[in-house]
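K.L.:
Chains as they are written, first to last, in my numbering: chain W, 1 to 238; chain Z, 1 to 420.
Keep in mind the hints are simulated off the structure, nothing from the lab. No residue lacks a Cβ here, since even glycine has one placed at the ideal position from N, Cα and C. Keep in mind that the hints are not guaranteed to be accurate.
[Said to hold, decoys possible] If you want the footprint, here are the derived chain Z segments under chain W, 3+ residues with CB under 8 Å:
(1) 8-21
(2) 122-129
[Unchecked claim] Residues from chain W that face chain Z, not an exhaustive set, calculated with beta carbons under 7 Å:
(3) S80
(4) R86
(5) A87
(6) I92
(7) F97
(8) L100
(9) Y102
(10) A112
(11) N114
(12) I115
(13) E135
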Amino acid sequence: MQTESAHAININNLKFRWPQQHQDILQIEQFHVGIGEHLFIQGASGSGKSTLLNLLTGVLSPQSGDIELLGTNINSLSSSQKDRFRADHLGIIFQQFNLLPYLTAIENIELALNISKRRVEKEQSFGDIKNRTTELLASLGLDQTLANKTANQLSIGQQQRVAVARALIGRPEILIADEPTSALDSDSRDRFIEELFSAAETAETTIIFVSHDQSLKTHFSRQIELADINRARGKSDV
Amino acid sequence: MKTNLISLALKSAYNRRGNVLLAILSIALSIILLLTVDTIRKQSKQSFLNTISETNLIVGARSGPVNLLLYSVFHIGNATNNMSYQSYEKIAKLPEIEWVIPLSLGDSHKGYRVIGTEQSFFKHYRYGDSQALEFSEGMLFSDLYDAVIGANVAKKLNYKLGDKIVLAHGTNAFGNPKHNDKPFVISGILKPTGTPIDNSIQVSLEAIEAIHIDWKSGMRSPLKITAQQARKLKLQPKEITAMMVGLKKPIYTFKVQRMLNQWRSEPLLAILPGATLAELWQTIGIFEKVLLAIASMVLISGLIGMLITLLSTLNERRREIAVLRAIGMHSWDIIKLFAIEAAMIMGSAIVIGVLGLYIVLTIGLPLIADHYGLHLSIGLLDSQQLLLLAAAFGLALLLSLLPGWLAYRQSLADGLTVKN
């Protein structure tokens with residue numbers, strides 16, 4: 001299924017509605033994201049942002065249409081293949097509660113490596129994994145003393161940075177971030193995004209960043225309004 | 001990945017250790033209860049069935065088998081008829097017979113039964129796992145007016161060697177005429193056996209004859225014979241209550257039983273004590289099944305408690321599961337996390353439960369022996385109990401699939417993001 005390999009994400013005639021709803025919440029005819037692109041998707045709450053992300057990550061399946069990630073139609077995969085694809089190729093950051101509170105920062109990062117052999121191999125080609133993890137944390141402004149603290153001992157800002165490190169370890173092709181800065185104060189938001197970009201830079205990771213916060217969009221090479229590509233008129237409560 | 005799942009499950013459980021600990025304790029308690037009830041049930045049955053062993057036949061005047069067993073072995077109720085001493089002597093001389101123990105019942109001391117017998121009683125009577133009677137102090141009777149007392153009699157009445165006791169005619173608790181003129185001296189005290197012997201007093205057949213020599217139909221006759229005078233008389237009993245018979249080979253059992261049941265000179269009844277004990281247990285053993293049913297229900301409620309604990313953490317674990325799904329953990333691994341937690345809860349509960357059982361038995365058995373005269377031993381778990389624990393473990397794993405499956409379903413409905 002190797003079509004249009006220049007695109008990280010390819011959406012064709014996507015339609016999705018929640019069960020027991022009479023209207024589609026998402027209808028996207030054509031949408032592409034190029035490899036290495038930094039895309040900012042802006043949308044008010046209830047506009048279907050989270051639904052789109054769940055579709056992109058293969059957690060939800062559309063009623064019709066195709067979603068291709070890295071040339072693979074993820075809707076044609078079995079549920080365990082979807083899980084594997086997500087583990088190998090996607091890094092995901094939520095607005096908060098990204099980490100298991102009872103694991104240390106390092107253990108949370110290693111969790112992603114435990115699940116994906118591909119990530120381990122990929123990261124190893126760049127050097128020792130332990131060193132790579134330390135470097136990654138350092139590039140995000142986290143020093144070594146924090147690495148062995150459990151997640152619930154870290155501040156929200158530190159937790160979000162550990163989440164970035166976990167999403168980027170093993171160099172996944174696509175990073176999906178769902179309002180990762182919403183729990184941060186406005187001063188640290190810009191710095192967080194810069195650190196995120198610099199950590200993602202070496203891996204040429206495609207970044208899909210979803211937020212309702214317009215002030216962040218200047219950081220991105222491409223910005224869209226979800227309402228501009230979504231032809232559905234339904235409203236989401238999610 | 002396997003080891004990581006286990007360590008992840010353990011760390012997650014440790015993070016919720018309060019609830020997990022409560023689940024472990026509640027199941028451990030039900031396991032202790034189940035195993036204790038089961039152990040006591042089995043051992044009391046065993047102890048009951050082993051009240052008498054190695055005796056091939058019990059012989060008495062013709063009545064019912066259970067009745068004969070009750071009065072000869074358990075000293076419950078009275079014989080309606082006696083058998084003649086003549087028959088006893090004839091039976092003892094049969095070629096198939098190895099040994100005989102005569103039993104002459106009917107007297108008592110402060111509510112404890114007196115058994116008139118011979119030295120063969122101490123030599124051949126076996127209980128439990130072929131255990132012989134042993135003396136804790138003193139020895140068997142040598143003088144006419146010597147008596148041996150059971151462990152419980154010594155303890156409850158605080159008797160020592162050399163104490164004098166007076167036997168009473170009849171077995172009612174109160175108002176029996178006493179054999180005041182012929183007191184007995186305690187010559188020996190038996191070790192506890194956990195059988196009715198503990199609550200009995202043994203004297204010789206001649207002694208029984210001596211104290212009744214001047215009695216007629218349950219009353220003392222005007223013609224008085226003193227203890228010393230009685231020694232000079234020929235003290236051969238005319239009848240005994242029952243006898244225990246040991247055969248040279250077990251294969252003779254049915255042959256001799258048939259022979260005795262067709263005894264010509266008087267109607268006799270010979271029973272197999274083991275079979276009759278089992279028959280008796282059938283009637284009185286219903287409590288055993290009730291106990292087991294109650295204990296099983298306690299264990300089931302313990303397992304349901306664990307299920308509730310796992311289910312109640314589902315909401316608390318929603319975010320945890322969303323994170324694991326987001327990094328690509330497969331749903332089956334998430335179900336495994338729940339199964340590992342259930343295995344850990346159940347495994348700890350079983351270990352604590354088995355340790356608890358031994359603690360309960362160590363503390364409880366002396367109390368049971370003290371209060372009920374039931375002597376139980378502490379042994380290893382039997383195969384049936386091990387199977388029970390394995391079944392409980394398996395059931396717990398099976399039950400854990402429900403919260404695991406619900407967590408998976410929930411993670412699909414939630415998507416990757418959990419709203420507060």
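K.L.:
Each of the hints needs a verdict: does it hold here or not?
P.N.:
Here is what the structure says about each hint:
no.	hint	verdict
1	8-21	holds (count 5)
2	122-129	violated (count 0)
3	S80	holds (5 Å)
4	R86	holds (4 Å)
5	A87	holds (2 Å)
6	I92	holds (4 Å)
7	F97	holds (4 Å)
8	L100	holds (6 Å)
9	Y102	holds (4 Å)
10	A112	holds (5 Å)
11	N114	holds (5 Å)
12	I115	holds (5 Å)
13	E135	violated (20 Å)
The structure does not agree with the numbered hints 2, 13 stated previously, though it agrees with the rest.
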